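*Asks:* Note that the protein sequences, when read in sequence, are chains A and B.
First residue of the first sequence: 1, per our numbering; consecutive thereafter.
First residue of the second sequence: 1, per our numbering; consecutive thereafter.
Misleading hints may appear alongside valid ones.
[Stated by the list, open to error] The calculated lysine-lysine pairs, modelled on DSS-like cross-linking and capped at a C-alpha distance of 27 angstroms, are: (1) B:K26 x A:K83; (2) A:K539 x B:K146; (3) B:K282 x B:K261; (4) A:K169 x A:K83; (5) A:K19 x B:K26; (6) A:K539 x B:K272; (7) B:K272 x B:K282; (8) A:K321 x A:K331; (9) A:K169 x A:K152; (10) A:K83 x B:K282; (11) A:K152 x A:K19; (12) A:K539 x A:K83; (13) B:K272 x B:K146.
These are computed hints drawn from the structure, not numbers from a lab.
Only a predicted model underlies this, so the values are computations on that prediction, with no experimental measurement involved.
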Amino acid sequence: MRSIWAISRHTLAHCLRMKVAGTFILMLLVALAILPTVMKGDGTLAGRIRTLLAYGTGLTGMLLSIVTLLVSAGVITSDVQGKQIFTVATKPLARWQYVIGRWLGVVIFDLALLGVSGAAIYAFAQHLRLQEALNPQDRRAVETEVFAARRKVGPEPTDIQSLATQRRKRLEEEGRYQEALEAFRLKARGDEQKAKAQLDEQILSDAAAAAQSVSPGGYFQWRFNGVAVAGTELREIGSVIQADEETALVRISASPRLLGRLVFSGPVRVNDVDLRVTRLEKDFFEVEPTVDDLAGGRLAGLAPGDLVEVAADPMIQIAFKASPAVAPQDKLLRSLWELGNPTTGLRYMELRSDPAQTPATLTVSARLVDPNGQMEVRYNNLPDSAGKGTSVTILDGDISVLYRVGSFGGNFVRAMLLIMLQLAFLAAVGVFAGSFLSFPVACLVGLATLPVSMARGFLSQSLQIRPGLGGGMEVLTLIGGWAFRVVRVLLPDFSQTSPSQSLVGGEHISWEFIARLGLLMLIVRAGLVLASACLIFHKRELARVQV
Amino acid sequence: MVDADQSVVVTKNLTKVFRDFWLREKVTAVADLDLEILPREVFGLLGPNGSGKSTTLKMILGLLYPTRGRIAVFGRLPTDVRIKARIGFLPEESYLYPFLDARETLDFYGRLFHQPRRQRRRRTDMLLDMVGLGSVAYRRVGEYSKGMQRRIGLAQALINDPDLLILDEPTGGMDPIGTRQFKDLIRTLAMRGKTVILSSHLLADVEDVCDRICILYGGRRRALGGMDQMLSREGLTQITTDRLDQATLERIRQVLAGTGKELLEVSSPRDKLESLFLRIVKEAQEQRVATGGAVAGGPIAEFLRAQPVEGKEALARLVAAAEPQVPAQPGPTPPAATPQEDAGVLRELVELAGSPSPKESAPRSQEDRPQAAEPDRGVLDGLLGGQERNQETT
Chain A
1 MRSIWAISRH TLAHCLRMKV AGTFILMLLV ALAILPTVMK GDGTLAGRIR
51 TLLAYGTGLT GMLLSIVTLL VSAGVITSDV QGKQIFTVAT KPLARWQYVI
101 GRWLGVVIFD LALLGVSGAA IYAFAQHLRL QEALNPQDRR AVETEVFAAR
151 RKVGPEPTDI QSLATQRRKR LEEEGRYQEA LEAFRLKARG DEQKAKAQLD
201 EQILSDAAAA AQSVSPGGYF QWRFNGVAVA GTELREIGSV IQADEETALV
251 RISASPRLLG RLVFSGPVRV NDVDLRVTRL EKDFFEVEPT VDDLAGGRLA
301 GLAPGDLVEV AADPMIQIAF KASPAVAPQD KLLRSLWELG NPTTGLRYME
351 LRSDPAQTPA TLTVSARLVD PNGQMEVRYN NLPDSAGKGT SVTILDGDIS
401 VLYRVGSFGG NFVRAMLLIM LQLAFLAAVG VFAGSFLSFP VACLVGLATL
451 PVSMARGFLS QSLQIRPGLG GGMEVLTLIG GWAFRVVRVL LPDFSQTSPS
501 QSLVGGEHIS WEFIARLGLL MLIVRAGLVL ASACLIFHKR ELARVQV
Chain B
1 MVDADQSVVV TKNLTKVFRD FWLREKVTAV ADLDLEILPR EVFGLLGPNG
51 SGKSTTLKMI LGLLYPTRGR IAVFGRLPTD VRIKARIGFL PEESYLYPFL
101 DARETLDFYG RLFHQPRRQR RRRTDMLLDM VGLGSVAYRR VGEYSKGMQR
151 RIGLAQALIN DPDLLILDEP TGGMDPIGTR QFKDLIRTLA MRGKTVILSS
201 HLLADVEDVC DRICILYGGR RRALGGMDQM LSREGLTQIT TDRLDQATLE
251 RIRQVLAGTG KELLEVSSPR DKLESLFLRI VKEAQEQRVA TGGAVAGGPI
301 AEFLRAQPVE GKEALARLVA AAEPQVPAQP GPTPPAATPQ EDAGVLRELV
351 ELAGSPSPKE SAPRSQEDRP QAAEPDRGVL DGLLGGQERN QETT
């Protein structure tokens, strides 16, 4: 281990004195300083911070990946080319120790650079957080959607297959199946099997489209499982500052602890009446109870100086994106959301007008989730003011329940670890290539790895064999498919290690995910690559012909 | 300490064939080389460019693998990590890391030997002092002159106090001071029971320090034997005395003529250029003339001298003390330096000159080596020039 450490230290000194580190940090700092001013996102503060996080981490990942490949390809090749290996390999140091030491040195170098750039991004983000938000919604988005680590739970998947089976049965009963099959026979040039396969695919596609869109007046219904909201309600006594029956507005002062749990437009309970925060300041908040509540309910007769029981529940958020078939004139989609706890029967309803095809968030109390982590959500597609409406599509992937499980800081550290896993793998690739190739060729091999790993998901889809292609194309696709299977075993999917999306969406990156990915990427893949490098380097002659 | 029962390096039918991309035989660098290098000897590998010296050394070091034949270093394969702790190697160029300074360089190599920090520091200080780079220890090695790089290269080869020191063209680029000091060092190490393998084109250096030499040509061994044995000219006798006048010379000639011998050459010995140079530089140093380069090296590092300096080395010294402190003469015992000439003639000559009896032959040292060896360089040069001579003695 001491030999490995000696080589690692030496590699780190080598990397630092190559001036790569200084150049990289300078480039990154300049880019980070420019990004928030050049890229405004959607004009909101949340948008600016999201832009910074997305481009900052993306840029860091990309720049460091390239630096890692170049440096790792160079650490062994430069020793062989410069013949310093003569003085190192003749010391009591196994070849595998040399290879691992070089790799470890590059990884430590990466860790240092990533630490610096991560700290810079974090500091810039926190600096932006202190800037003035566009409006309360913007501030709420900043605090609950960006500077948060939220777990994401998708709805129970719609059983498209059974819907397709029902649809096909109906077509058969109505005698229209054969009619449709005839059309596909023509398309398939009389090939019965092919025609049936194509028709079934069409039915499946139609069923999927029908299940994920709803006409005006209709509704979607989803069921969410496994929503494990942590934390309990916070109940304190607040003091009424202002209560106006005419405007139905109640202003209540509360402790900073309780106010810290509230968000603009988020839920709050006053004397066990479910309300929404309509204004949130440093030492008070405002709610707008209904006239009925103020007249005869549990909030009747409230006057300044009265004490009320204020309860802040843990919150959950429903994030969704609705796409209309035809864009409404005012570009707003009207909907009624109904949420319910299947066990307690507690229900919550909210009328909304959300911009079409734009991500939106509904913040509600976690009491709507039952102890088993289940919750039902119903979206009613309402007609517009003219009584008309449009069909709305919400794909299963476009709706999710999000709830806070950790801090932004912790999530950010885990996001950096994801990048680090990628860099450690790339360092292994560079060292492997450098163990038997010259520097330019090793760089080429390493740099080819990067785009292939980044586009692995896309390649996986594009190389799937689809029926209906010509004979020659099917063979080519088959060969491509097998080639890609080999690549898929050897190379990881870097879309998994890109933390940009998670940070932008405030989504929690779990330790379990990192551990699983680390096991696959570091222990299995990088381990295999490094073992191959050690074996090759062990067998290799380190001197050349000189006669 | 080297195990005296074990050969340090043994090669048997050692062959190295370099092949091209298509695995066709390109060149045979070393062919069927049999060598046995014994403990405590300074062994010289000689040969013209491309004769296979460096290839042989690289195979001994495990940097190249033999095509055929076997090598054992300390009884193990050259790739065995355990033996490398006992080896020091100075390649034909220093091949150091230009971004490290001298101190960092030695520290790095010390770490590879798992030396504790204190030991690394002490040895680094002593070695830097020894090679005369103490004053430029914080300058990057990349900024050093070639000779300075050779010095730091030598220091790295000695950081582990090796039992076997392999030196490939060690004095190339070194100034005469460094060369002289380097030769002294080799003799000191040999006195301590270390084995040194030296490959060089500088025949004078080899001649000054080696006990045995092997001459390679075209990858094959052309000659192998003890230095004295190979260089001594059996039929001639050289006497060094105070300056003689013509009359005395004439009388000597007559005495010799009376015994049927002939006086072949009479000359005044010249000072060696090396001695002259060293004297002038010493004077400059005494006058404290400023220099930005290497200064005269200090004394040989304590841990490389015979005195015990560290616990482990103290033990090694105690063991060494039980062994003879003169270098063992490997292989067949070479003939004595002074041939059994006619003792009567010698006595007569001594009486004639009225001078004290000739000095007794001391263990070899640089100063006392006879100049008579000089003409034999022609023999070596002839060999290096391709003339085939059959001087093999083993």
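*Asks:* If a hint holds in the structure, say so; if it does not, say that too.
*Replies:* Structure-based check of all given hints:
no., hint, in the structure
1, B:K26 x A:K83, "holds, 22 angstroms"
2, A:K539 x B:K146, "violated, 32 angstroms"
3, B:K282 x B:K261, "violated, 44 angstroms"
4, A:K169 x A:K83, "violated, 75 angstroms"
5, A:K19 x B:K26, "violated, 41 angstroms"
6, A:K539 x B:K272, "violated, 49 angstroms"
7, B:K272 x B:K282, "holds, 16 angstroms"
8, A:K321 x A:K331, "holds, 13 angstroms"
9, A:K169 x A:K152, "violated, 36 angstroms"
10, A:K83 x B:K282, "violated, 36 angstroms"
11, A:K152 x A:K19, "violated, 42 angstroms"
12, A:K539 x A:K83, "holds, 17 angstroms"
13, B:K272 x B:K146, "holds, 25 angstroms"
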